[in-house]
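A.B. asks: All chains should be built: construct the whole structure from the sequences, respecting the hints.
There are 2 protein chains.
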Amino acid sequence: MQTGMPKTPSKLPSRTRRRVTIADVANDLGVTKSTVSRALNGYTDIAEGTRLRISRAAERLGYRPLSHAQAIRTGRVRSLGLVLQVDNEDSARPFLADFIAGVTQAASAENWTVTIATAETERGVQETLSRLVEEHKADGFILPRTRSRDKRVEALRAQNIPFVMFGRTEDPTGCSWYDIKGEDAMRAATARLASQGHKRIAHVPGGSEYTYSKLRIDGYRDGLAAAGLSIAPALITAPAITHDAGEAATRSLLMMAEPPTAITFAVDRAALGAYRVAQDLGLRIGSDFSVIAYDGIPEGAYANPGLTTFAVNSRQAGDRLATLLIKQIRGTAPEELRELAPATLVERGSDGPPRLTPAELARCLKDIQKT
Amino acid sequence: MQTGMPKTPSKLPSRTRRRVTIADVANDLGVTKSTVSRALNGYTDIAEGTRLRISRAAERLGYRPLSHAQAIRTGRVRSLGLVLQVDNEDSARPFLADFIAGVTQAASAENWTVTIATAETERGVQETLSRLVEEHKADGFILPRTRSRDKRVEALRAQNIPFVMFGRTEDPTGCSWYDIKGEDAMRAATARLASQGHKRIAHVPGGSEYTYSKLRIDGYRDGLAAAGLSIAPALITAPAITHDAGEAATRSLLMMAEPPTAITFAVDRAALGAYRVAQDLGLRIGSDFSVIAYDGIPEGAYANPGLTTFAVNSRQAGDRLATLLIKQIRGTAPEELRELAPATLVERGSDGPPRLTPAELARCLKDIQKT
DNA sequence: CCTCTTGCCGAAACCGGTTTCGGAAACTTT
DNA sequence: AAAGTTTCCGAAACCGGTTTCGGCAAGAGG
Chain S
1 MQTGMPKTPS KLPSRTRRRV TIADVANDLG VTKSTVSRAL NGYTDIAEGT RLRISRAAER
61 LGYRPLSHAQ AIRTGRVRSL GLVLQVDNED SARPFLADFI AGVTQAASAE NWTVTIATAE
121 TERGVQETLS RLVEEHKADG FILPRTRSRD KRVEALRAQN IPFVMFGRTE DPTGCSWYDI
181 KGEDAMRAAT ARLASQGHKR IAHVPGGSEY TYSKLRIDGY RDGLAAAGLS IAPALITAPA
241 ITHDAGEAAT RSLLMMAEPP TAITFAVDRA ALGAYRVAQD LGLRIGSDFS VIAYDGIPEG
301 AYANPGLTTF AVNSRQAGDR LATLLIKQIR GTAPEELREL APATLVERGS DGPPRLTPAE
361 LARCLKDIQK T
Chain H
1 MQTGMPKTPS KLPSRTRRRV TIADVANDLG VTKSTVSRAL NGYTDIAEGT RLRISRAAER
61 LGYRPLSHAQ AIRTGRVRSL GLVLQVDNED SARPFLADFI AGVTQAASAE NWTVTIATAE
121 TERGVQETLS RLVEEHKADG FILPRTRSRD KRVEALRAQN IPFVMFGRTE DPTGCSWYDI
181 KGEDAMRAAT ARLASQGHKR IAHVPGGSEY TYSKLRIDGY RDGLAAAGLS IAPALITAPA
241 ITHDAGEAAT RSLLMMAEPP TAITFAVDRA ALGAYRVAQD LGLRIGSDFS VIAYDGIPEG
301 AYANPGLTTF AVNSRQAGDR LATLLIKQIR GTAPEELREL APATLVERGS DGPPRLTPAE
361 LARCLKDIQK T
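In order, the protein sequences belong to chains S and H. When we follow the numbering used here, the leftmost residue of the first sequence carries the number 1, and every step to the right adds one. When we follow the numbering used here, the leftmost residue of the second sequence carries the number 1, and every step to the right adds one.
Don't take every hint at face value.
Intra- or inter-copy, both count: the list cannot distinguish identical chains.
Once the Cα atoms are required to be at most 20 Å apart in a straight line, the calculated SDA-like pairs of lysine to any residue come out as [stated by the list, open to error]:
1. Lys-199 with Gln-126
2. Lys-181 with Gly-197
3. Lys-151 with Arg-131
4. Lys-33 with Ile-72
Quick caveat, the hints were computed from the structure, so don't treat them as lab data.
C.D. replies: Here it is in structure tokens:
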């Protein structure tokens, strides 16, 4: 028996033809690897002529450094990490493709890649993130859906690993973020409804664990105040981010002695729940009561009447987040990497001047109940 | 001036605390790196006792091999590549989150990761793929949306790089795939409609460049034949995969002298276009004419009446694809890695026995046109 | 003309692993 | 007891890059 046989594993991929390595480039020009490496990486102690010869030779030979070979010395894998939480409920996330497109596009532009992973639970996300960190599969992370108190943030901050948040958080020390000014959107929504003549405007907030929810409530309150309307705590319902929850919230609002003639929703999906209520009760959205929401999901366009909403540009968000993260990994201080962008109003048919006063609406609803 | 200064770059991340390397584990036990490596990688020339001591020490010290450090010797980065084409039209892909969840879950289970990238055009995909291949960012690739003649397949096959397709292709040599039996679904759809009493059943196919389109047409034809119905070429429209195209296709069918009383759509989204036609003409879907489609997008549930459709399990698809790909990378022959799965019928309200005969429907439509 | 810089590059170490090779010790076999 | 096998592990090379260190040659300054 031959002794040179491997004792077990080893099943190296049968490379069709060997890669072009840095040594090949060096040999081709009669210089050393180190010279090639420095020339290609912008060191200043290389003569301009040499640099040119080297980069041309590299080009000609089709040399591509292996990022994992570089990583072993530099500690950088040139990859961004993205861990998504995919719950069963809202796994159908329409923005996702756009968001990912934005992230990968910005990464590609710098010749970086994106390592993606998913988990179902919050804990799962946490574990997956740790695994990626431990194996150093990415140089930094993009954290979507930031919570007010976010364990991911705490973990990464403690280990001094670069990250950017999509959304803001309670304690911003050492954090970078990109976020949409949801508070401005809700303020504008309320103002718009007020100027249409609505006197009682309600708000259905999003999940209370997320920062955005609080911000949008603030915006709603500010809008009321600016319009000189009083702030009735009863007009803010329990959080609702699903169809069903939105439906329930709408019903509870219309059941009030003095129901609102307009409802702002922190989230489109919840707003679509209101359509079911309207259909059920025979009310017309946009006249009997108005709805303005936030997100800009495609279903909103197909609803009848179309949902007036503040749309966020997910692709741009992904793009900016990746860009900010790369900058941070390259050394920019996190505090300098913070961006806010506005949501854009998409005017459709779900809002308009109120046909009825709150009292009239209440009476009308009572009539409907009887039949 | 100190000479030890770097001439330019070098900005190594200030590691909080040094990683545990294989050398640390070796020193801890007084053995060599090579022993640790072989023990941890299942070589047979390591005493069982030693293996145990080593793996326990590794565990205790929290040792995690860096995959990129391994990759430099083994040529494997333990990562799956996924390049998505995100066109503007259908960037909102509801399955995507599920699909990605499936892929990443299966990858994680084997301690692999997923490298994701996107491009807008077919050429862009091609280029992105090449880049990932050249830099060896992944050991193999998952190709969604396979075309009958697919350049990605040709390129990867030529370079002998592992890949699996979501969908089938014209020339299957050296190919692995996972696919849903769309042909069976369409056959079943046609059979179902025939058994409900429909005599004229149309089909709106998907994009002709994709294999699935041809297969579904085949299924539709088989279904007609099995039901003893004649196959009229005029009942197969131009391809339609969007809302608008589906609407146009539906209109053209209803405009016929002898219109179909049932339409099968290769794609849900196109089927939703039929709803607009129905609303426009005051027809009732499910009685005036029936619709059965394929895909199982969430919007189908919200349509009125709900869209009867054959749903595909995207999550499972992603899961299986990743699993097959990993097997292939580990050495299984591609030809042995082929799987087909059925779509599952979701019965909702868009189909049912025809209220009218084709002739009556035609007359009815003519009446509507006049007014 | 001699020393001091400076510019530029080669030699060699290094990064964290894997794999080859060979040899000492233990175990069989004759 | 000698010779042949096995078992198990250490030494060292290797993978493809990056970075340090030092030295030669050319130019600057005295």
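A.B. asks: Now look at each hint and say whether the structure bears it out.
C.D. replies: A quick look at each hint next to the structure:
no.	hint	result
1	Lys-199 with Gln-126	neither (45 Å within a copy, 57 Å between copies)
2	Lys-181 with Gly-197	neither (25 Å within a copy, 56 Å between copies)
3	Lys-151 with Arg-131	within (15 Å within a copy, 35 Å between copies)
4	Lys-33 with Ile-72	both (16 Å within a copy, 17 Å between copies)
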